[in-house]
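> If you read the protein sequences in the order shown, they are chains B and Z.
So in the working numbering, spot 383 of the first sequence is number 457, and the numbers just go up one at a time.
So in the working numbering, spot 82 of the second sequence is number 160, and the numbers just go up one at a time.
These are calculated hints, taken from the structure and not from any lab test.
Owing to the predicted nature of the structure, the values given are computational and were not obtained by experimental measurement.
One thing to keep in mind: the hints can contain errors.
[Unchecked claim] To give a feel for the contact side, a few chain B residues facing chain Z, derived at Cβ under 8 Å:
#1 L232
#2 S235
#3 I238
#4 S241
#5 G246
#6 L247
#7 L260
All residues carry an ideal CB built from backbone N, CA and C; glycine is no exception.
Okay, here's what each chain looks like letter by letter:
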Amino acid sequence: MVSWKILPFVVAVIFITPILIVFTSLFGEYSDNWSHLIEFVLLDYISSSILLVLGVSLGVLVIGVLSAYLVTNYSFYGKNTFEWALLLPLAIPPYILAYTFTGLFDANGDANILIRYLFNLNNNFVFFPNVRNITGAIIVFSFTLYPYVYLVTRSAFLNQSNSIKESGRLLGLGQIGIFSKISLPLARPAFIAGLMLVIMETLSDFGAVDHFAVQTFTTGIFRTWYGLYDLNTAMQLSSLLLMIIFLFYFLERFSREGISYTNDNSTFKTASVIGLKGLKSVLASSFCFIPIFIGFILPIIELSLWALETNVDIFNNKFLVGSFNTITLGLFTGLICALLAIVINFSIRFTKNKFLERLNSLMSIGYAIPGLILAVGITRFLVFSDQNVFTNINFVITGSLVGLFLAYIIKSYALANSSIESGYERISNSIDNSAQLLGSSGGKLLGRIHFPLMRTSFLTAVLLVTSEVVKELPATLILRPFNFDTLAVITYTYAAEERMYQAAMPSLAIVIIGIIPIIFLTKMIRSSRIKDS
Amino acid sequence: MTQKILKIEDLTLSYANQKVLKDVNLELSKGERVSILGESGSGKSSLLRCIAGFEPVNNGKIFIKNKLVSSNNLMIPTEKRNVGMVAQEKALFPHLTVKKNISFGIERKKNKDEVVTELTNLFKITNLIDKLPRQISGGEQQRVAFARSLAPSPNLLMLDEPFSALDNELKQELYYELDKIFDKQELSILLVTHDHEEAKILTSRLFKLTQGSLISIE
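Using the sequences and the hints, build the whole thing.
Now the structure itself:
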């Protein structure tokens, strides 16, 4: 029994160490660079981060909440398609939409060229405003991240009993009153939880803000480390960002606890769907179509055109090697995360230990940590290990794939864990009891009973983690071994050099792999619709 | 002459070519209390939903205080009918306190605090006003649901098996209290139930809905 408790404990220590290392920098010495940061740039980082978070919050709430309300409560042209298609922008990482936006809307971007051509204007005429600024970043984040809000809010709206809305109508409320006074307040814990995820993603992003030259914490950390070569100050800056992110992480957890109160009615009645006709139906369809168009269709069209139009050999050696590296890393990380999750969840179930349960929940915190900060903490951790642990055997792990795997595993474990946890919820305890009565306990119970029953959850976990790893940019950029490229790194490198045509094919490959989790989410949405009907 | 609160003329309702209500006729005067008995699925709740404006009617007419509110080509929205309904599921707003639930329909009225105080006294729930629905018992929730539906002074109060989830002792207690409250406020009540005894205690005229047709039984 004791051996089953050791693994989760060891894994938790490994997961938490890089984060603690980042925080320890706060108690170390502060260099001149820190004073420079405080004096000249920290205020910029804080003000742009606040502006970015406020703008993106407004954007995702308007798009996510209203589209979720429309598809849940009304019937209009294409409603069934919009239900799942509204998730498609999840497949586009913000940095790829940022690259597409600049390619489209820069002075010599395709959109401006098209306008000049259509209206026979001279070559100096610029119709679309510059997007390489904070407004552009807000638009990009809003249209790629709103699905986080849409997904949880739609689920909350679906769980609102029709009797509650009917009571509101009996008490004098019209359609707008029902939305603003009943549905929206009841869904508040859900959309706040979604919003917290969006804020964490926005604050963690590096690729998009870097491309738009917006000064945020992440670009500051990167510049301090790679521009000033000052890892310690980068860690101190990371600590500040991490504290802000933890605040949003706990707010998200807190909000999730409140979600249940929307669903406490034992006599639940499914919401009746109101049919919209004519102009109202067209308006509802347009409202749902616009975010899909901007967040998914437009970048896909633009990337495909770039990939097809260019004379560059798109399936070159760099792309093929990058794809191989990316998929191998993704699958291997997925496999490790899924195995860890299944063994740890089994340990919790087998030992019925509450402490292990809390430890597992703590390990899921990794998804909230920006890849860049993980990279900072892991680098310091690896350097320390090389200098103090592996000195006798001349084994160097700094700059090897170890750091990269560690970052991926810490960041993606939560995804694998949620899939395995939901798989375990479907296995009755009586199965364990029967197996134990028949002599299968411990490893045998896991191998002969649980693992075969959990195959689908295991596979789901592997695929979800793989698609997440494929998109990851900042940690990969920093922790990859020398000359080791992934699709995200190739895309970033080309885009940084404004070679958008070459960046198109790796971007498309990332998007295609990113569609995997959406297929699973769509399945969930379909099954919830079947339950409703 | 007493005022007609509800008048239903030749009401017909069908779902997927199956007639749920057939030529239903009913009249209810101010202060009158009527019960409709029937088995599960006999169309009792559908009748109430038509009166409330939740379901469109196929044929026939519904008048509330002599105003046409439903016909095959007219449907006045629920929120403009000034009718109340209490059902088994109570449907209290889970995010609002008892006090806010009760005052929900009269937020713009100047005397809303007085109305809430009067109703909470009447239903003996003054000690619960700051609690959320999940913090009170099923019987207390039902009292709040009654108080909330009475706050806007509805023309007609419809009761859709509101006692079916309560235990017998609680039911008897509520019957007694409600009987007094209904009398005092001269409320027009339309009760739907499958419990004959309940119908006899709370109402004076009894009907039965069988295969979509309404028949007077007492």
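> For every hint, state whether the structure bears it out.
Right, here's what the structure says about each hint:
Evaluation of the L232/B hint against chain Z yields a violated restraint, the C-beta minimum of about 16 Å exceeding 8 Å. Hint on S235/B holds. Least Cβ distance to chain Z is approximately 7 Å, under the 8 Å limit. The restraint placing I238/B at the interface with chain Z holds, with a minimum CB-CB distance near 5 Å, inside the 8 Å limit. Here the hint on S241/B is kept, as its CB sits about 4 Å from the closest CB of chain Z, short of 8 Å.
Nearest Cβ of chain Z to the Cβ of G246/B: about 5 Å, under the 8 Å cut. The hint holds. Hint on L247/B holds. Least Cβ distance to chain Z is approximately 6 Å, under the 8 Å limit. Given hint, L260/B at the interface with chain Z, holds; its Cβ is 6 Å from that chain's nearest Cβ, closer than 8 Å.
Comparing the model with each numbered hint stated earlier shows that hint 1 is the single one that does not hold.
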